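Engineer: So you can see what is in the structure, the chains are spelled out below.
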Amino acid sequence: MAAVIAWILFGMGVLGLVLRRDLVIKLLALGLVNSSAILFLVSLGDRPGAVSPIEVPGLQAPLADPLPQALVLSAIVVNFAILALALVFVMILVERYHTTDSIRIEQEVEKEKDEEEEMPCR
Amino acid sequence: MRQSRRLTLIAALIVVGFIGTIAWTYFSDRPQPLETPLYLARPVEETGAINRVTGIYLNYRLLDTLLEVLVFSVAILGIQHYLARSKAVRLPRLMESEVVRTAVSLLSPLAFLLSLFFVLFGHLSPGGGFASGVIAASGLLYVGIALGMKEAEQRLSPKRLGRVEKGVLLLLIAYVLFPVLLGRTPLTDLLPRGTPGHLLSGGSILIYNLLIASKVLIGAWIAIVSFAQHRGEL
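Protein sequence lines, in the order shown, are assigned to chains A and B. Position one of the first sequence corresponds to residue 1 (our numbering), numbered consecutively onward. Position one of the second sequence corresponds to residue 1 (our numbering), numbered consecutively onward.
Bear in mind the hints are in silico, worked out from the structure with no lab data behind them. Being a predicted model, the structure only gives us computed values, none of them experimental. Just so it is clear, CB atoms sit at the ideal spot from N, CA and C, and this is done for glycine as well. Hints are supplied without guarantee of correctness; some may be wrong.
[What the hints assert, rightly or not] Only part of the chain B face toward chain A is listed, based on derived beta-carbon distances under 7 Å: (1) L9; (2) W24; (3) F27; (4) Y57; (5) L66; (6) E68; (7) S73; (8) Q80.
[Stated by the list, open to error] Dumping the calculated SDA-like pairs for lysine to any residue here, alpha-carbon to alpha-carbon at most 25 Å: (9) K159(B) <-> M91(A); (10) K166(B) <-> A75(A); (11) K87(B) <-> A75(A); (12) K26(A) <-> A12(B); (13) K26(A) <-> S4(B); (14) K87(B) <-> R96(A); (15) K87(B) <-> L83(A); (16) K26(A) <-> L63(A); (17) K87(B) <-> V104(B); (18) K26(A) <-> K166(B); (19) K26(A) <-> R5(B); (20) K26(A) <-> Q80(B); (21) K166(B) <-> I82(A); (22) K166(B) <-> I76(A); (23) K150(B) <-> I76(A); (24) K87(B) <-> I76(A); (25) K159(B) <-> L87(A); (26) K166(B) <-> V33(A).
[Stated by the list, open to error] Computed footprint of chain B on chain A, listed as stretches where at least three residues anywhere in the stretch have a Cβ under 8 Å from a Cβ of chain B: (27) 22 to 34; (28) 55 to 68; (29) 71 to 80; (30) 83 to 94.
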């Protein structure tokens, strides 16, 4: 069940990443994709009737596989790093072009390129 | 307009195809989960931590965790480096309303207490260095909101704290490499394991958790201050 939710979140994230024009929304969608990957990996460690992998004395229930949970920590930290750095780049772009619309930023960059080509060489 | 609709359709088709492929492999070829997963088959006394997840990422796979800490440091360095290029906004000395300040003064001690619990009991219950550092940083953010970021930034200067952060990273690496001096493999845990379930158990896990938590706390605070400096008052 958790795996199915993860796929749905993944689809929503990728669609947002491709179709939305706003850079900040794109970053949020990237975060959604990452969360879905984390959910999927953690769901792989599940077993029927399993509880969280902490050895409490006298516990009879089986424990969930702790390996995916430990490895997912890297995914969380890398996700933080990517989002924070990408946000910084978005801030630099906004400072320069005064918009978060990716298509308008592309047009501005094209315009700048054309202007540079028209300038005579000194 | 028509072109964007076609783009939407193509994107949706690709996504559905991709998810379908994953779902197909998930339901057909997936290896069945083991009767006892690999790490659960090993005795708790090997790491001394009853939280098996902590036992894995701070003992069996400590190298991975060290690299994560490095990734975190690089991200903080990148934020500082690239934001230093854009012009800083001069923070106005602004105070929040009485309501916000009262709420924050109630919330921030709770955040610090929770973070202390998570770091000390990381090997006994859910928690650990990363989570605890982030919670403490959010507590600092509350303080920053209450005092005004300018005031908070002057009291806890990111420049001075940046040096502490690098010092903590070096300390962590030195601690991990110390067994080499005794002729052992690096990353070996020299401390006794203790009785699983007690506070002082799990060998060096408590020390690692404390170091990682302080590193994440300082790093996240530097990131918060950098973002605030370059985009006005929070």
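Engineer: Could you run down the list of hints and mark each one as holding or not?
Structural biologist: Comparing the hints with the structure gives:
no., hint, in the structure
1, L9, "violated (11 Å)"
2, W24, "violated (11 Å)"
3, F27, "violated (9 Å)"
4, Y57, "holds (4 Å)"
5, L66, "violated (11 Å)"
6, E68, "holds (5 Å)"
7, S73, "violated (9 Å)"
8, Q80, "violated (9 Å)"
9, K159(B) <-> M91(A), "holds (22 Å)"
10, K166(B) <-> A75(A), "holds (23 Å)"
11, K87(B) <-> A75(A), "violated (32 Å)"
12, K26(A) <-> A12(B), "holds (16 Å)"
13, K26(A) <-> S4(B), "holds (17 Å)"
14, K87(B) <-> R96(A), "holds (11 Å)"
15, K87(B) <-> L83(A), "holds (21 Å)"
16, K26(A) <-> L63(A), "violated (37 Å)"
17, K87(B) <-> V104(B), "violated (30 Å)"
18, K26(A) <-> K166(B), "violated (32 Å)"
19, K26(A) <-> R5(B), "holds (18 Å)"
20, K26(A) <-> Q80(B), "holds (23 Å)"
21, K166(B) <-> I82(A), "holds (21 Å)"
22, K166(B) <-> I76(A), "holds (22 Å)"
23, K150(B) <-> I76(A), "violated (30 Å)"
24, K87(B) <-> I76(A), "violated (30 Å)"
25, K159(B) <-> L87(A), "holds (22 Å)"
26, K166(B) <-> V33(A), "violated (32 Å)"
27, 22 to 34, "violated (count 0)"
28, 55 to 68, "holds (count 7)"
29, 71 to 80, "holds (count 7)"
30, 83 to 94, "holds (count 7)"
When each numbered hint is compared with the structure, violations occur for hints 1, 2, 3, 5, 7, 8, 11, 16, 17, 18, 23, 24, 26, 27.
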